[in-house]
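Peer 1: Here is what each chain is made of, one letter per residue.
2 protein chains.
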Amino acid sequence: MQLPKQVQIKEVGPCDGLQNEKTFIKTSDKVEFINRLSETGLDYIEITSFVHPKWIPQLADAADVLKEIKRKHSITYAALVPNIRGLERAIEAEVDEVSVFMSASEGHNKANINKSVAETFPILKEVVNEALAAGKTVRGYISTVIACPYDGYTQPKQVVRVAEKLFEMGISEVSLGDTIGVGVPTQVDALLSEMLKSFKAEQLAMHFHDTRGTALANVVTSLSRGITKFDSAVGGLGGCPYAKGAAGNVATEDLLYLLHEMGIETGIALEGIQQTALFIEGILGRTLSSKQLAIVRKEEDSCQTL
Amino acid sequence: MQLPKQVQIKEVGPCDGLQNEKTFIKTSDKVEFINRLSETGLDYIEITSFVHPKWIPQLADAADVLKEIKRKHSITYAALVPNIRGLERAIEAEVDEVSVFMSASEGHNKANINKSVAETFPILKEVVNEALAAGKTVRGYISTVIACPYDGYTQPKQVVRVAEKLFEMGISEVSLGDTIGVGVPTQVDALLSEMLKSFKAEQLAMHFHDTRGTALANVVTSLSRGITKFDSAVGGLGGCPYAKGAAGNVATEDLLYLLHEMGIETGIALEGIQQTALFIEGILGRTLSSKQLAIVRKEEDSCQTL
Chain A
1 MQLPKQVQIK EVGPCDGLQN EKTFIKTSDK VEFINRLSET GLDYIEITSF VHPKWIPQLA
61 DAADVLKEIK RKHSITYAAL VPNIRGLERA IEAEVDEVSV FMSASEGHNK ANINKSVAET
121 FPILKEVVNE ALAAGKTVRG YISTVIACPY DGYTQPKQVV RVAEKLFEMG ISEVSLGDTI
181 GVGVPTQVDA LLSEMLKSFK AEQLAMHFHD TRGTALANVV TSLSRGITKF DSAVGGLGGC
241 PYAKGAAGNV ATEDLLYLLH EMGIETGIAL EGIQQTALFI EGILGRTLSS KQLAIVRKEE
301 DSCQTL
Chain B
1 MQLPKQVQIK EVGPCDGLQN EKTFIKTSDK VEFINRLSET GLDYIEITSF VHPKWIPQLA
61 DAADVLKEIK RKHSITYAAL VPNIRGLERA IEAEVDEVSV FMSASEGHNK ANINKSVAET
121 FPILKEVVNE ALAAGKTVRG YISTVIACPY DGYTQPKQVV RVAEKLFEMG ISEVSLGDTI
181 GVGVPTQVDA LLSEMLKSFK AEQLAMHFHD TRGTALANVV TSLSRGITKF DSAVGGLGGC
241 PYAKGAAGNV ATEDLLYLLH EMGIETGIAL EGIQQTALFI EGILGRTLSS KQLAIVRKEE
301 DSCQTL
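Top line first, the protein sequences correspond to chains A and B.
Mapping of the first sequence onto the UniProt record's numbering: position 239 corresponds to residue 239, and the numbering continues sequentially without gaps.
Mapping of the second sequence onto the UniProt record's numbering: position 276 corresponds to residue 276, and the numbering continues sequentially without gaps.
The following block holds chain A by itself, in its conformation from the complex (with noise of 0.2 Å):
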């Protein structure tokens, strides 16, 4: 097997992991659960999001997290912003990079920011206008890669045409969501073939969800393909915690075992990762769903098994 020696992964559980908790997280832990990610040895943490309070309670908080965190240099703390009033908050807070979002697929693109794409275009352009001009990197999110649930499959060809808009205004890299957590490696190698006719693999990061068990599938043919960037979240933060396909984000302890274990460096601990998922599912008092979780978990026991 064709595998990078070294990858990077960006850390999202303090905002994508977190956002739709309903457990209130206090400052404090939030600040806490980020210094705990910072020691793992992680270089990209995303640590809140600067939308609007009324549509994210959970996240209002931002600025105050970014001030109280024990900032490191050697890690890029990110936000998401959805336009120039949150831009302008994270700017104010001292953020290292700032990531735009939409989705690939109208129906979803919908949902979540309530505008046609064609809409949504100009919105970004001028966050992203105005992150470069001070100063700032920005990451590009495209949501339902490989499916929408409310349009059904994405298109590879649309999400070329997505991450070009975003290419052409000034940002650095697109990060490909499997939102819904649907996709197999078949349709993840037919949209990175397509998306890599037009784009170099290290513009690219991979950001799948587990819902049906097959995000780490999904990475393995990602890898193969020479993509070097992936998304995740202690114990498999995020998704809808709530909702049918429950299962969020790859859990960042599940990726480092698999990437490990197959001889690709991260620079990151395992253990410590652990032991941050396990701080956070302390704080939010619900059982989170990663593999090394559980492991950690058990005790042992002797067991007849083929």
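None of these hints come from the bench; they were simulated from the model.
All values derive from a computational prediction rather than experimental measurement.
Hints should not be assumed to be uniformly reliable.
Pairs involving identical chains hold if they fit within one copy or between any two copies, as the list cannot separate such chains.
To be verified - In silico DSS-like pairs for lysine-lysine, Cα to Cα no more than 30 Å straight-line:
(1) K115 <-> K125
(2) K298 <-> K115
(3) K22 <-> K298
(4) K125 <-> K229
(5) K200 <-> K26
(6) K26 <-> K298
(7) K165 <-> K125
(8) K229 <-> K200
(9) K298 <-> K54
(10) K197 <-> K5
(11) K298 <-> K110
(12) K70 <-> K136
(13) K67 <-> K165
Given the coordinates of chain A, assemble chain B onto it according to the supplied hints.
Peer 2: Just chain B now, kept in the frame of chain A:
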């Protein structure tokens, strides 16, 4: 991606899946479980084990289960046999196929059947001889093909040696088990690369446990190597449900989702498997780990997510 068009799934839920469950399951419930499985399109079901009841009390009713199930001609009903006494009981119960089992590693073989690998061969040879004389086909399970809980990593050449011995005895197929669910695609690829020097893909089945979430990734790697037979258990039954590394066999419904979505035919109805998984979950009174069941259980909801 080069993939086979059709795959055979061998359902091991009633045997490998239930053998370590602490909840006592009534014979009538096992019979109902198997009868429901028989209606899903499966053509192979491993239904019980003729080991001494002292070792696996849960399967002490092996003969009764075989007598009471509604058998379909299109389905091979198989059972494990550890020795001549077990084989005789299995033949008397008119099983269609028997399976013998041993480990590739000394440590697990010793722990599981209290013999060295070398000491195991003559015992199995006698069983296989008598089974073939009685007109039964014989399947051979090789456990710990990736790693052993006692001896660490298993050398692919050791798996080849054990498989050669089993095929010399006259078995028709080996099932290669990643018993403790530690395998990753590079290791599966290396194992199959070695195995396929000596054997044809159609002589091999893969038996993955999903302890670390890598089972489906390992399936995809196996498919790319031409493997067309996989063992799985509805609901992800099996493994050591109460032990470290809890997750059991790869769940049949998760495997079906992957295969069908990749355009690979199985002849099995996902819906029927899901319903049967819910049935046995109800009998066991514990939540099974499969992703498809989590989706079936949850209600629709809406979330902000990437």
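Peer 1: Hint by hint, which ones does this structure get wrong, listed from lowest number up?
Peer 2: As far as the earlier hints go, 5, 13 are violated by this structure, in ascending order.
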